[in-house]
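Trainee: Sequence:
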Amino acid sequence: MATMAAFEADMMRMWAKPIHATPFTRDFGRLVSRVRLVVADGHECREQDYSATTHRVAAMVDVVKTVRRHLMEVRPIAWRVLTSAQDDVDARDDAALDMLVLKYGAYKDTDDAAAELVSIVGASSPTIALVKLIHQNVVLAALCHLHAAVSSSILLKDVRSPDGWQIHIRLDPTSCQLVHVRKEQSVDTSRQYVFHPRKCNKPFVLGRFVLTWEVRCIFPRAMNELTSARLRITDLAFAADVTPDARDELRRVFVGDLFLA
1 MATMAAFEAD
11 MMRMWAKPIH
21 ATPFTRDFGR
31 LVSRVRLVVA
41 DGHECREQDY
51 SATTHRVAAM
61 VDVVKTVRRH
71 LMEVRPIAWR
81 VLTSAQDDVD
91 ARDDAALDML
101 VLKYGAYKDT
111 DDAAAELVSI
121 VGASSPTIAL
131 VKLIHQNVVL
141 AALCHLHAAV
151 SSSILLKDVR
161 SPDGWQIHIR
171 LDPTSCQLVH
181 VRKEQSVDTS
191 RQYVFHPRKC
201 NKPFVLGRFV
211 LTWEVRCIFP
221 RAMNELTSAR
231 LRITDLAFAA
241 DVTPDARDEL
251 RRVFVGDLFL
261 A
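Residue numbers for the sequence shown follow this note's numbering, beginning at 1 and rising by one.
Please keep in mind that the hints were generated in silico from the structure rather than gathered at the bench. One or more hints might be untrue.
What the hints assert, rightly or not - The calculated BS3-like cross-link candidates involving lysine-lysine, where the alpha carbons are at most 30 Å apart (straight line), are:
{"no.": "1", "residue 1": "108", "residue 2": "65"}
{"no.": "2", "residue 1": "157", "residue 2": "65"}
{"no.": "3", "residue 1": "17", "residue 2": "65"}
{"no.": "4", "residue 1": "65", "residue 2": "103"}
{"no.": "5", "residue 1": "157", "residue 2": "183"}
{"no.": "6", "residue 1": "157", "residue 2": "103"}
{"no.": "7", "residue 1": "183", "residue 2": "17"}
{"no.": "8", "residue 1": "17", "residue 2": "108"}
{"no.": "9", "residue 1": "157", "residue 2": "17"}
Computed from a prediction, not measured in an experiment: that's the story for all the values here.
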């Protein structure tokens, strides 16, 4: 039986991997249009939505520069004053990131651009420590735990719409969050029969439903550890023709000790 502790342990191991041992450079470019980035500085929230981007490398660079700018501000002022040479390095790196946009243009294969981006910023930098979980393995790990926790007779498939998979980055004064939000829908509901626990002799069709779940990873602003990683179901929506018995059974299956709505 899957448990929250087991899932969190899986995520800790995934985050601890060096960047070259993850599919980040392969996935960042194709997933960047799913990113929503919010910077909250205590006075206001600034949000950037990359869903309409037509230039994936430019979007990748903008995400990284925004995260980097926020995390750099955590350095003590005295340290920054004494290390003006570091400011020169930061400016040089920003210029190198901007050059990636010119170098790769609207080129569709973004793997090389992502690899160069990591090289510029630093594979062990706080910025990469946050964005390195923008890849498909996070979702696959969550799905394994989700399927292990529910009946094997309930089949799901991903929702292939722009909001079927979103990646939220939130930068707060004292913490950072990276959240994968996914929607799954029922598969071939005409064949999905289950027995209601209180009406064992009367199987019924589950009907159509959409399940929304998230993986929420929380870090301190210093990005020196993964504080927590949680998998939870946030919404369970039913088609109009789903019967009360089916709704009752689906809520019983999906809303419990492991997944809290």
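Trainee: Decide, hint by hint, whether the structure agrees.
Mentor: Going down the list of hints, with the structure as the test:
{"no.": "1", "hint": "108 x 65", "verdict": "holds (21 Å)"}
{"no.": "2", "hint": "157 x 65", "verdict": "violated (35 Å)"}
{"no.": "3", "hint": "17 x 65", "verdict": "holds (22 Å)"}
{"no.": "4", "hint": "65 x 103", "verdict": "holds (17 Å)"}
{"no.": "5", "hint": "157 x 183", "verdict": "holds (9 Å)"}
{"no.": "6", "hint": "157 x 103", "verdict": "violated (38 Å)"}
{"no.": "7", "hint": "183 x 17", "verdict": "holds (27 Å)"}
{"no.": "8", "hint": "17 x 108", "verdict": "holds (27 Å)"}
{"no.": "9", "hint": "157 x 17", "verdict": "holds (28 Å)"}
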